[in-house]
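Just so it is clear: in the sequence shown, position 76 is 175 by my numbering, and no numbers are missing.
Any given hint could turn out to be false.
Claimed, not checked - Straight-line C-alpha distance at most 30 angstroms; calculated DSBU-like pairs for lysine-lysine:
id	residue 1	residue 2
1	K429	K369
2	K429	K491
3	K236	K429
To be verified - Each pair of labels, with its calculated beta carbon distance range:
id	residue 1	residue 2	range
4	G405	D204	36 to 44 angstroms
5	D399	R199	46 to 54 angstroms
6	G133	G191	29 to 37 angstroms
7	A388	P202	36 to 44 angstroms
8	H231	G405	24 to 32 angstroms
9	P378	D399	42 to 50 angstroms
10	E302	A388	44 to 52 angstroms
11	G133	R330	28 to 36 angstroms
Hints listed in this document are in silico derivations from the structure and should not be mistaken for laboratory results. As the structure is a computational prediction, the values presented were derived from the model and not from experiment. Ideal Cβ placement from N, Cα and C applies to all residues, glycine included.
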Amino acid sequence: MRLLAPYCGDPRLDRIATGRERSRFDADVAARAGELAEGIEGRRVLVLGGAGSIGAASVALLLAYRPAAVHVVDTAENALAELTRDLRSRAGPAIAAELRFLPLDLGSAAMERVLRGERKYDLVLDFAAQKHVRGEKDLPSLLQMLDTNVLKTRRLLRWLNAYGHSARCFCVSTDKAANPTSLMGASKRLMEQVLFHAAGDFEAANAARFANVAFSNGSLLQSFLIRVSRRQPLAVPRDTRRYFISAQEAAQICLLAAIVAPTCCIVFPKLDPKRHLRPLLDVAQATLAHLGFRAALYEDPEAARGSVEREIARGAYPVLVTALDTSGEKPYEEFVSAGEVASEIGLQALCAVRHDGPPARELDAVLEFLEQAVNDARVPLGKAEVVAALAKVIPGFEHVETGRSLDDRI
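The task is simple: from the sequences and hints, build the whole structure.
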């Protein structure tokens, strides 16, 4: 069995998921090198949620453009410590930028204190998010997701403006924000609206809808490696296809969207459904093949759990194939919602949609409802009321509630 690092960024793993030998966005990065350098070199950059897979890759790419300062904020203390070690240990010249790592919540009083006391940030990149569809499994988890993805972003944008950090602002969204069926996707669609509602306070404000980052922290693909290391079966939903990009590609998208794209754009990769949507079962089988196994397919969880050592002895590994029947999940991915129109932005591998949100009064009413729901536990509330509130400002939002959660299965 081959040993692979259980995190994204390994080129061998990237090829398994994406099918590509090199980044789709290299040409755009090369063509816009001057603009990227102008937007980063000598600048002060704040990165929120910077210890996650996309954030960490973006920080590494940022440093190549010689910023004056990069301040990285994340609540994941262990991940922040490892990012520090990783960046300080890389070959090449010592990092010249003022590099700080802050274990803070982006919506906390401590975060406000930082923004109040620091000199102006020229570029703010916000990667902080709760990204799992399973986060809608119950009301408390849902409210926490909305607090992180929406309300804290709103608070952050107000602080940035109040304390003079009103240059360029970028927030990561998700493909699930397009025609959302999950509350996670709806929360990120609402985040987009919050960002662009405040866009007038910034020199530029943009977002990006992402495909899945291959083997990123917490992802199904990363779980393949962890399951094998623990001698546990893999699990894959049946007839489910996903787009994949590498961590390097994710970082390139972020910097191009933040610095090169016109303001008030939601940027997304140009990917062809026929060529680039990968069946998850195919990716699982390719991962196992790279580790030296062939896949043995199972449909019964108990049988799969009990078969690991037997299958390994014959050069195979168990893969449990499950139904795609949990709340909010879609069998495919898309980047453009009904009513949105994709447009070119002068980049070979990226295009965008222009934001067209609800009237400010309607948006503010929903946000105030959510503020009360999140911050006052005495308010009588059910999940249905939250869904109804989101539907008022998210066109075509049709939540798929099945009563089943990913927490109930492998």
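Evaluation of the provided hints:
no.: 1; hint: K429 x K369; result: holds, 20 angstroms
no.: 2; hint: K429 x K491; result: holds, 22 angstroms
no.: 3; hint: K236 x K429; result: holds, 16 angstroms
no.: 4; hint: G405 x D204: 36 to 44 angstroms; result: holds, 42 angstroms
no.: 5; hint: D399 x R199: 46 to 54 angstroms; result: holds, 51 angstroms
no.: 6; hint: G133 x G191: 29 to 37 angstroms; result: violated, 22 angstroms
no.: 7; hint: A388 x P202: 36 to 44 angstroms; result: holds, 39 angstroms
no.: 8; hint: H231 x G405: 24 to 32 angstroms; result: holds, 28 angstroms
no.: 9; hint: P378 x D399: 42 to 50 angstroms; result: violated, 21 angstroms
no.: 10; hint: E302 x A388: 44 to 52 angstroms; result: holds, 48 angstroms
no.: 11; hint: G133 x R330: 28 to 36 angstroms; result: violated, 51 angstroms
Of the numbered hints listed earlier, those contradicted by the structure are 6, 9 and 11.
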